[in-house]
Amino acid sequence: MKTTPLNAWHRRQGANMAEFGGYDMPLWYSSAKNEHLSVLTHAGLFDTSHMAGVAVEGPDAFALLQRCFSRDLTRCLGPLNHPLKPGRCVYGVFLNEEGHVVDDAIVYQLGEARYLCVVNAGMGGVIAQHLTQYAEGFNVSIHDLTDRVGKMDIQGPLSAKVLKALLKDPEKVFENMIYFSFKGGFPGFDGPEGPVLLDGIPILLSRSGYTGEFGFEIFTDLSHTVEVWERLLKAGEVLGLTPCGLAARDSLRAGAVLPLSHQDIGHWPFLNNPWTFALPYDDTQKGFTKEFVGGQALLDMTGADYTLPFIGKDLRKVSIDHETQVLDKNQEVIGTVLTCVSDMGIGRVGDTVYSIASPDKPAGFTPRGLSCGFVKVHQNLNEGEALELRDGRRAIRVTVTYDIRPDRTARVPIQKML
Amino acid sequence: MKELNELILPEDVKFTDEHEWARVEGDHVRVGISDYAQDQLGDVVFVELPEVGSSFNKGDEFGTVESVKTVSEIYMPVSGEVVAINEELADHPEYVNTDPYGKGWMIEVAPSDLSEMDSLLDKNAYLKLLEEE
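Protein chains in written order, with the working numbering: chain A, 1 to 418; chain B, 1 to 133.
Looking at chain A on its own, in the form it has when it is part of the complex (with noise of 0.2 angstroms):
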C-alpha cells in the first residue's frame, strides 16, 4: 500500500486508518463526528496528498484539453461565461468515448498554455494515459505527478484567519481570492501572482475543497509537506483547527451534494445528475458549444438512469452492497444506492433542515444528525418525492431532494470571514 508524507504522523496520532484508492489514509482521529462538526463552526485540515495530479504544458495544451475535459475552458467561468484564465480553476469530468466518466478533475490554468489538471487518488496514470490517447499530433506534454505533489486541504469558516497568522502579505494574497481562484506556486510549478509564502515556505493556494464549506486547498513541494501541516495545526490551535480523516470528508462532501468518483459518478452515462453543469451545454441545453470525447455519446443516449440526491428522517443508514434497493411508494424497485452516510452537523425541527452553522436556527438547536447521499434510479423524480431504501438488514424512509446541508459556506465572500 502506497502512503503520503503524512503517514507517521498520521499514525504518531493513534488515526484510525484504512485503504483508499491504494494509499493508507486515516479514516478518523479521535472522532468522526467531531471532526465534521469542526469544519462547520471552526476549520479542519486533510490531508490528500493521495490526490494525484496531471500537467498539461505546450501550445496543444489547450486544444487537448477542450478536446477531453467536459467544460469548455472558452466559456466556464461565472454567469457570463467568460473563458478560463491563469489563476481560475474549474471542475469537470473526462469521459470515455461512451460518455461514462473516467475521472473527474480540477483544471487548473497555471500560466499561457500550462494547466494541472487535479484527479482522484490512484488516477494519475489513468488520466495521462487517456489524454496521451488523444494527443497524436498535437504538441504537447503530459506529465503523471501522481506522488510528486504535496497537498492539504483547509475547510472551515475559520480557515481564512488560520492562514493569516502564516502567510507573508495576507492581505495581497486574499485580495479578490474568489471561490475556485488560486495565486502563488512552487518550483516546478509557478503559478500566477506569485509568490504565495507560509512561513517562508513556497504553496500554491487555491480558494477551493471538496466540503461544500469555505475554505483552500494548499499546494506544496512534497519535501514541505510535513512542515506546512505542522505550521498550520499550530497556527490554528487556538482557533480550533482540528486534523480530520477522509470519513468526515465524505460526510461532509455528500451533505455538499458533490460526488465520488468511482461510487456517484462512473462507468455510466455522465447524464440526469446534479453535476451537468459540468458538460459545455449551449443556451438550448440540448447541445454543445464544443466537440469532446463522449460529447456525442451523450447526446445521443436515450434513457439513461437519474441519479438524484436523498435525504433521510433521521441519521438511520443502509449499508451499500449489491443488494441495497431502492423502493418507490408502491413498493416497486426503482434502482440502487450509490452513497449513504450520516452528516451529523443538521438536523429537523418540523419540516425545516438546520446546519449547526445556519444563522436562523433554533435557539437550543442541536443537530442529531441525518442520512443522506445519492440513489440511481431509472425514471425521474420530484423533490419531496418519498423513497425507501431497503438493505439486508432495515429499510429507511428518505426523500427526494436537491439540496442536503443549509447555509453552506463555500461561496461566502473571503472578505466575510477574516
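Simulated from the structure, these hints should not be mistaken for lab results. From a predicted model like this one, the values you see are computed outputs, not experimental measurements. Positions of the beta carbon are idealized from the N, C-alpha and C atoms, including for glycine. Treat the hints loosely; a few may be bogus.
Said to hold, decoys possible - Listed next, the in silico DSBU-like pairs over lysine-lysine satisfying Cα-Cα at most 30 angstroms (straight line): (1) Lys2(B) x Lys2(A); (2) Lys234(A) x Lys416(A); (3) Lys128(B) x Lys103(B); (4) Lys161(A) x Lys85(A); (5) Lys172(A) x Lys85(A); (6) Lys234(A) x Lys2(B); (7) Lys85(A) x Lys290(A); (8) Lys103(B) x Lys2(B); (9) Lys103(B) x Lys313(A).
Unchecked claim - Listing some non-contacts, in silico: residues in chain A with all C-beta distances to chain B over 12 angstroms: (10) Tyr29; (11) Glu57; (12) Asp60; (13) Ser181; (14) Glu291.
With chain A held as given, fit chain B onto it using these hints.
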C-alpha cells in the same frame, strides 16, 4: 486506534468472537460490545435495540450499532428473553464509546441456559483472537 495493550478487557465479563461482552449479574446476563468493537466502529451515533420481552437464540442478531461510517449487527452471546434495554442510549449513544462495559450496556437477558456462558471467551482467549485479527 487503540493498541491491543491499551484495550480495556475486564476480568468479570466474557466475550464472543463477534466482539460482544456478557456479564452474569444475579439471575440475568448483561450484554454490550467490547472496547475493541467500539474503537473499531468509531463514534456510535445510534443503537437499535429489541423490544423488552422478545426472545432470541445464542448467535441471533438482536440489534444494530450505527457509527458515522457503518451499521453493524450485534449478536446474542446467550439464548434468552430480553428483560431490560438501556433506554439512555437513545439520547446518549456515545456511552458505548466512553464506557462500553458500564453506561454503554445494551440489553439484560434472562438466560434460558446459563451454561452457555462457558462457551464464551475469557479475557485471555479474546485477546488471542484479537491478536490474530
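> Tell me, which hint numbers fail for this structure?
Replying inline: 10
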